[in-house]
Amino acid sequence: MDNHTAAARPDGPREHSTDDPALRVTDLGLEYPDGTDERGEPRTVRALDRVSLELAVGTMTALVGPSGSGKSSLLAVAAGLVRPSSGSVSVVGRRLEELPERELAGIRREHTGIVFQQPNLLASLTAHEQLVLAAHVAGVRGKELARARSRADELLAQVGLENCADRRPHQLSGGQRQRVNIARALMNRPHLLLVDEPTAALDHARSRSIMELLADLTHSFGLASLVVTHDTEFVPLANACVSMQDGRLDTEQATTASGRAAATVA
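Heads up: the sequence shown begins at 1 in full-length UniProt numbering, then just goes up one per residue.
These aren't lab readings, by the way, just hints derived from the structure by calculation.
Idealized CB from N, CA, C, for every residue including glycine.
Have a look at the derived ranges for each label pair, beta carbon to beta carbon:
1) THR44 with HIS230: 22 to 32 Å
2) GLU97 with GLU212: 29 to 39 Å
3) GLN245 with ALA146: 47 to 57 Å
4) ARG109 with GLU38: 43 to 53 Å
5) GLY139 with GLY35: 35 to 45 Å
6) GLY68 with GLU144: 38 to 48 Å
7) THR36 with GLU144: 45 to 55 Å
8) ARG43 with GLN117: 20 to 30 Å
9) ASP20 with THR44: 28 to 38 Å
10) GLY93 with SER124: 35 to 45 Å
11) ARG95 with ASP246: 20 to 30 Å
12) ASP37 with HIS219: 47 to 57 Å
Using the sequences plus the hints, can you model the full thing?
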């Protein structure tokens with residue numbers, strides 16, 4: 001069993017020198033090959049169609065829409081996992097489509113946290129070790145790795161798992177595994193948090209708890225969070241909501257309760 005330090009409040013996003021929004025996508029298009037037509041010509045399907053969106057820091061934006069509407073495609077492009085067919089996507093002012101793969105991986109490592117629908121935790125590792133491994137994979141070594149262990153303690157406490165640090169995935173509930181998943185995404189102190197259907201496999205009570213946690217972390221850490229969800233009941237927990245249909249976003253501006261723009265779509 002690991003000996004963990006007393007948990008303090010974890011740091012928020014690392015500083016950057018620009019006033020750019022955490023995420024800006026402009027006229028974004030994405031097409032996939034889709035077999036051939038009756039003449040044998042290549043056919044494509046358009047997953048994203050002229051999508052424009054800006055996310056302000058300290059706000060959580062819910063992204064809703066039917067299955068196949070392009071929500072997961074937008075997350076994949078914003079994360080730099082898929083290159084767009086047209087348009088631009090910027091994270092803290094860096095144009096992702098212009099970067100070689102090595103620099104793109106660096107942006108993901110330093111500025112973007114990704115919460116996948118399935119936690120995909122390693123069965124042999126404890127909750128604490130899952131987080132430390134994320135730091136190790138990101139290249140953290142030596143004294144910095146000791147700091148990463150402390151940060152892992154802090155984050156597990158922040159998500160309510162300070163007493164579960166030494167448990168392995170099979171010893172955790174579905175909601176607890178998702179909390180580890182979220183904490184792991186915050187290990188690199190990101191500016192942008194991309195979350196794909198975090199409550200898909202959870203019951204109602206645990207779903208609400210996870211969405212409340214995401215809202216709290218967004219505000220307390222000063223993140224810009226984009227959360228794909230089918231649970232429209234929990235949309236009021238977000239500062240803004242945008243809807244996607246057939247690869248397009250609504251053309252209205254989404255605002256916070258105070259009237260300040262949280263997410264702007266065009």
